[in-house]
Amino acid sequence: MWELYRIKNVKIKKGVKSMSCRNFQDKMEDYIKGSFSQHEGLYFDEHLSGCDKCRQRVADLRATLSLLQDMAVREVPPGLEGRIVKAVEPVVHRQRNQSFRIRKLTAIMASAVALTLVVLAAVNYPWGAQPGPSTTVFHKQPASVGRLHPDYLSTSNRFEVDFYRTERVNGLRLLRLNIME
Amino acid sequence: MDKKLQAQIVTACQRGDPHAYEQLIRCYQTQVYSLALRMLGNAEDAADVTQETFIRIFRTIDSFRGDASFSTWVYRVTSNLCLDWLRRRKRQVLSSDAPVSWEHETAPREVADNAPNPEDLLAAAELRQEIQSALNELESYHRLALLLRDVQGLSYEEISEILNLPLGTVKSRINRGRKQLKKMLQQKNIL
Ligand SMILES: [Zn+2]
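Residue numbers (our numbering), protein chains in the order written: chain C, 1 to 181; chain G, 1 to 191.
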């Protein structure tokens, strides 16, 4: 690393460590793009004033970068968009069906769970009287859509295989359920 | 593009909104095609890879979690498919010796005022073809890093994320690519 603090009053003091070609080349892109401080600029100018090779390097890189900028494509060839839309249709369709099936299955399972809870409460099962985490959560959920943490699922209601990947919030794997009334 | 709108389109796609898919294609097709064209050097392959990229994107869009920018993710998928394509093509060329058809450049669209004359347009198209053939000579990893930086205009940090490489490696690939390209351009008397 080259040093900047030896510059005083925007003049390079005698004996200042000048920039090496290598250091200049490391910073050459910044120099060309004008992203450097006034102090750095002094070092650049000082180096360039005494180095033909780096002056040539600057000219070459500047020309290369400007040629490359013109290589960006501003628009796709006619017809390509339609072709892509057509090509992705089966994929999109399959995914939509899949997510519909998942939603449907989720709803069925959720209503089964809800029914079980109702039955448990009706027979005054010990869990019903003193609800464990699973029942508590179900009662706290709003009527339509609720989020269930997998920890709250009792062992009889395991459906993690298909559904745990549906949502991840703050690093927690959450399951979105459509709870039927 | 507006980050918020971008996120909305992605979420709509994840929900299966049929209109969102087309919107997403429209938003990202130029970025994908531009990189593929300069990476592969011909329009036909670039169109194929662009299509392949979107199929891959929609197949895996559910796994996208908004922690990275979607554009970065799209670039990553495009980059990987371009490299795969080049590997496959290399094998094909080696086995069948089939000639590779290079891009046929079209002249840029005319601008209404001070429209360039046809000779200038032709010269510009020829120049781009020359530069493309110089790019084709670069090692593919160097070319990819260079294109992301100097054609697509991404930052070193973004490129490091796209390629999943340390910043130092990215810088050295870009520098090597530039050096090599300069040599090629000098040989062609462009520089
Ligand atoms: Zn020098």
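Where hints are given, some of them may not hold.
Cross-link-like lysine-lysine pairs, in silico, PhoX-like; alpha carbons within 25 angstroms at most [stated by the list, open to error]:
hint, chain 1, residue 1, chain 2, residue 2
1, C, K33, G, K90
2, C, K53, G, K171
3, C, K27, C, K53
4, G, K90, C, K104
5, G, K179, C, K33
6, G, K90, C, K53
7, C, K27, G, K4
8, G, K90, C, K27
9, G, K171, G, K183
10, G, K182, G, K171
11, C, K33, G, K182
12, G, K4, G, K90
13, G, K3, G, K90
14, G, K3, C, K53
15, C, K53, C, K33
Simulated coverage check for chain G against chain C, where a stretch passes if three residues somewhere in it have a Cβ under 8 angstroms from a Cβ of chain C [claimed, not checked]:
hint, stretch
16, 2-12
17, 23-36
18, 122-135
19, 148-156
Don't read these hints as lab results, they were simulated from the structure.
Here a beta-carbon is modelled for each residue, glycine too, at the ideal position from N, C-alpha and C.
Each hint tested on the structure:
1. A threshold of 25 angstroms between alpha carbons decides the hint, and for K33 (chain C) with K90 (chain G) the separation of about 37 angstroms lies outside it, so the pair is violated.
2. Taking the CA atoms of K53 (chain C) and K171 (chain G), the gap is about 22 angstroms. The hint holds against a cut of 25 angstroms.
3. Distance check on the hinted pair: K27 (chain C) and K53 (chain C) sit about 15 angstroms apart at the alpha-carbon level, within 25 angstroms; holds.
4. With a CA separation close to 47 angstroms, the supplied pair K90 (chain G) and K104 (chain C) exceeds the 25 angstroms bound.
5. The suggested pairing of K179 (chain G) with K33 (chain C) holds, with an alpha-carbon distance near 18 angstroms, which does not exceed 25 angstroms.
6. Taken as a hint, the K90 (chain G) and K53 (chain C) pair is broken in the structure, with Cα atoms around 38 angstroms apart against an allowance of 25 angstroms.
7. With a CA separation close to 35 angstroms, the supplied pair K27 (chain C) and K4 (chain G) exceeds the 25 angstroms bound.
8. Taken as a hint, the K90 (chain G) and K27 (chain C) pair is broken in the structure, with Cα atoms around 36 angstroms apart against an allowance of 25 angstroms.
9. Using a Cα cut-off of 25 angstroms, the hinted pair K171 (chain G) and K183 (chain G) holds, with the two alpha carbons roughly 18 angstroms apart.
10. Restraint check for K182 (chain G) and K171 (chain G): the C-alpha separation of about 16 angstroms stays at or below 25 angstroms, so the hint holds.
11. About 18 angstroms separates the Cα atoms of K33 (chain C) and K182 (chain G), which keeps this hinted pair within 25 angstroms; it holds.
12. Pair hint K4 (chain G) plus K90 (chain G) does not hold up; C-alpha atoms about 41 angstroms apart against a cutoff of 25 angstroms.
13. A distance of roughly 38 angstroms separates the Cα atoms of K3 (chain G) and K90 (chain G); the hinted pair therefore is violated under the 25 angstroms criterion.
14. Between K3 (chain G) and K53 (chain C) the alpha-carbon distance is near 43 angstroms, which puts this suggested pair outside the 25 angstroms criterion.
15. This hinted pair checks out: K53 (chain C) and K33 (chain C) have alpha carbons roughly 19 angstroms apart, not beyond 25 angstroms.
16. Residues of the stretch 2-12 of chain G lying with their CB closer than 8 angstroms to a CB of chain C number 0, which falls below the three-residue condition for coverage.
17. Coverage of the stretch 23-36 of chain G by chain C holds in this model, with 6 residues showing a Cβ closer than 8 angstroms to a Cβ of that chain against a need of three.
18. Evaluation of the coverage hint for the stretch 122-135 of chain G: fulfilled, as 6 residues show C-beta separations to chain C shorter than 8 angstroms, against a requirement of three.
19. Using a Cβ-Cβ cut-off of 8 angstroms, 4 residues of the stretch 148-156 of chain G lie near chain C, which meets the minimum of three, so the contact claim holds.
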